[in-house]
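Those sequence lines, one after another, are chains Y and L. The first sequence runs 1 to 328 under my numbering. The second sequence runs 1001 to 1462 under my numbering.
Hints in this document: simulated from the structure, not taken from any laboratory. Ideal Cβ placement from N, Cα and C applies to all residues, glycine included. Careful: at least some of the hints might be erroneous.
[Unchecked claim] PhoX-like mimics (lysine-lysine), calculated; alpha carbons at most 20 angstroms apart, straight line:
| # | chain 1 | residue 1 | chain 2 | residue 2 |
| --- | --- | --- | --- | --- |
| 1 | Y | LYS255 | Y | LYS140 |
| 2 | Y | LYS255 | L | LYS1376 |
| 3 | L | LYS1360 | Y | LYS243 |
| 4 | Y | LYS255 | Y | LYS228 |
[As the list claims (entries may be wrong)] Covered by chain L, per the in silico footprint, the following chain Y stretches (three or more residues, Cβ under 8 angstroms):
| # | segment |
| --- | --- |
| 5 | 82-93 |
| 6 | 181-189 |
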Amino acid sequence: MSRGIPVLAFLRSRTLTVWLVGLFILYYLTMAVWVGEAFGRYVSHLSTSNFFRAFTLLFFINVVLRVIDACRASWPAKARFFLLLPLMAGLVVLLFSFFMSLNMRKAHWAPPLGVGDVISVPWEAQSYRIEAVVPALEKKVLRTDNDTRIFDYEPGLTMMSTEGERYSIGAFPPRKVGSTYFHVLMFGIGPGIELRKNNEIVSKGYMALRLISFGSVDTFEIQPFPYKFSLSIIPNRILKKGKETARDYDLAKPKYRVEIVKGDSVIAEAETETSVRFDGDMELSFFEPDDWVLLEIVRDPFVIWFVAGLAMLAVGAILYPCTLFLRK
Amino acid sequence: MSRFVLEALFIGVKEGLLAALCFFLARAYLKNAELGFLKRPILAGLGMVFLASFTVMTIGVTAEARDVIVKMTGYVFGLFYLFSVGALFHATGTDLLGPLAGVAEKRGVLLPLAFVLTVLYFAPDMAGSSLYVADLAFMANSPGLIFAAAGSGFALSLAAGYGLIRRGKVDLSRLFGLPQLLLSLALIKLLTGGVRGFAELSLIPAVQAGLQKFIHDVVHQTFVLLMTPDHPILSTTTWDFVGVLFGEAVGLWLSLVLLVLPLALFVWKHFGEPESVPASLAVPARRRMFLKALRDQRVMKSIPVFLFLLCIVSVWFIQKGAGASNLYLPEAKPATAEGGVVVIPLQSPLEDLRDGRIHKFSLDIGGESVRLLIMKKPDGTLSVCLDACEICAPDGYGQAKEHVVCIYCMTPIPFDTVGKPGGCNPIPLEALVTDKDVRVTVDNIAEKWALMKSGQSKGGKE
């Protein structure tokens, strides 16, 4: 017990705080200059390395003990105590929830989803069917030179559980269903593609490609065929008026720039809304595209604590200057 | 006098004055702390640095070694700033050394420590400046004159500085404890630590970039935890709120706060310490004299700190990327090669290569990111080049009103000469420009990039 008191005194000391903060700064400085992505690495280590976890826990214990000491010291002056409390408590809650969130969070990124697809949540015995996708783009899109928009709306989807309940999921804020958060990460257009050989359909379906923003090129292959297809969306029409140029896109019937590679050679290039023939008897056709979304599914019981910690810290930062006008 | 000679002279004078000033400040501290025996290891360190810089200038170094030297200048600033903040906290009652305090006072520790810190502090700057002088000599018609200008500037300014110290009766020993010395050294490095002559005088843009990156990463991680998606798909109102936190203004202010906060805490603690008068001083007059002396000492010791704060706040918003901020610096868009050929459309919804602006593209070749630069010149022709020149480090180009500008040496290149080989011009590539796209073979890009890195393409020969 007598050994515990000096240890406790060290754990609650400013010396320890300065050393821990100084070591973190040294780590960050070294990694940032010589390796790169220092903070990202630190966050990654926090959830994988026991050394970093131990360091952070030691810092957390030090902060908690010093917060307790600060609160005890300010308790006789009640006004000062209550003005300091949000900042102190917010700091503790934020550090705790940040650490726990990184270590306890479970996340799942579903592959591109369209209408009719089923999502299974890995940690729940529950699955959901996609009933509708709310697109992020109008079907007829007009873009001028000054237009920097990529999307017109926030995308979303409607999904239905096995019990028949419907849920609307948007991009932000995430929607909590049961103990799991859902939100849309990204939206895209999946061209409808039909591959024919000798006029017989050998493959048909939608291809979830990253073609947004317009002009972006994405590639795909259709097994077992030895072709690599590159696709990008180009304007259906280009309108010029004086110095202004506008590009008109019809997403119900997009115009694609297609490049087909076999081996090391480009065997076909075309700009088409319908189809392109290549390699003798092959034909690639397009039909109306479908919309797809990327969904992030997260289970994190501490995210609400993290939000609370941020809010308390914000309130505390506003109230803290008022303590300077109070006598100790 | 040519611009190169003037720049070499400036670099020599700058380094000489810095060496003299830093030695002067260190001497003031050593005198105050009765550590005069440390002058010798400091002088030995300076001598070692000078020899190393001379060697670096003559034998030449690889691009990787250059990169290390440039990074070291900023790293050393960070280290000295960190040491100074630690020393400030230690001086105001937070015992950081504990049982190591006795060890830290031994000569066996202090002598090598003084030597190492001297080398650490001066080596990157002097080596970096030496390399830049060597680059100037390479670009100039008379290399001998460049070296002479740099050498004589250094020697004269060092001698002048030393002479002033000896003649002058200024006693700064009251101002300088260890924390104040370290902080002053950090400030000097921050304000004058650039190693690219006129193009980069201080480290402030680099430090700003580093601190802003930290703030950006913290904000980004917060939004990841809050499950906020990529900003293009957020509604305008939400993104406007999020976007403010990623904006330059917020980044600059927060990075300034990060830098000055420890010093502000020191000042607050330093002046807030209770003034305890020894009980043996019973006479009121003596107590008053003691208190006055104590307060004077506190003021003196805080002067370097206030100076640092004043300097930083003054230049922070003026110096933000001063060199490159007036240039148009587009991000390099990724390009891919198909069948050994890079094909870049002339026109896409977000850009037109023929709009008179520079356009950059990056390509991965053998694990290395290679950048291309495409631009329509005033004569209507499209110029396709590497985003690098034959001489400088491949930092690329920005665009000013009538020139493209090499970011490394800030040399302006008239638009008309872009695409012509030689000097600081971007290295031209063999490109096929059709009515729809630009085509360059990967082999050509790789060959020119390798030649550029090896330095064999110097002199405009392809």
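Hint-by-hint comparison with the structure:
no. : hint                 : result
1   : Y:LYS255 - Y:LYS140  : holds, 12 angstroms
2   : Y:LYS255 - L:LYS1376 : violated, 28 angstroms
3   : L:LYS1360 - Y:LYS243 : violated, 24 angstroms
4   : Y:LYS255 - Y:LYS228  : holds, 19 angstroms
5   : 82-93                : violated (count 0)
6   : 181-189              : holds (count 6)
Checked against the numbered hints listed earlier, the structure breaks hints 2, 3 and 5; every other hint is satisfied.
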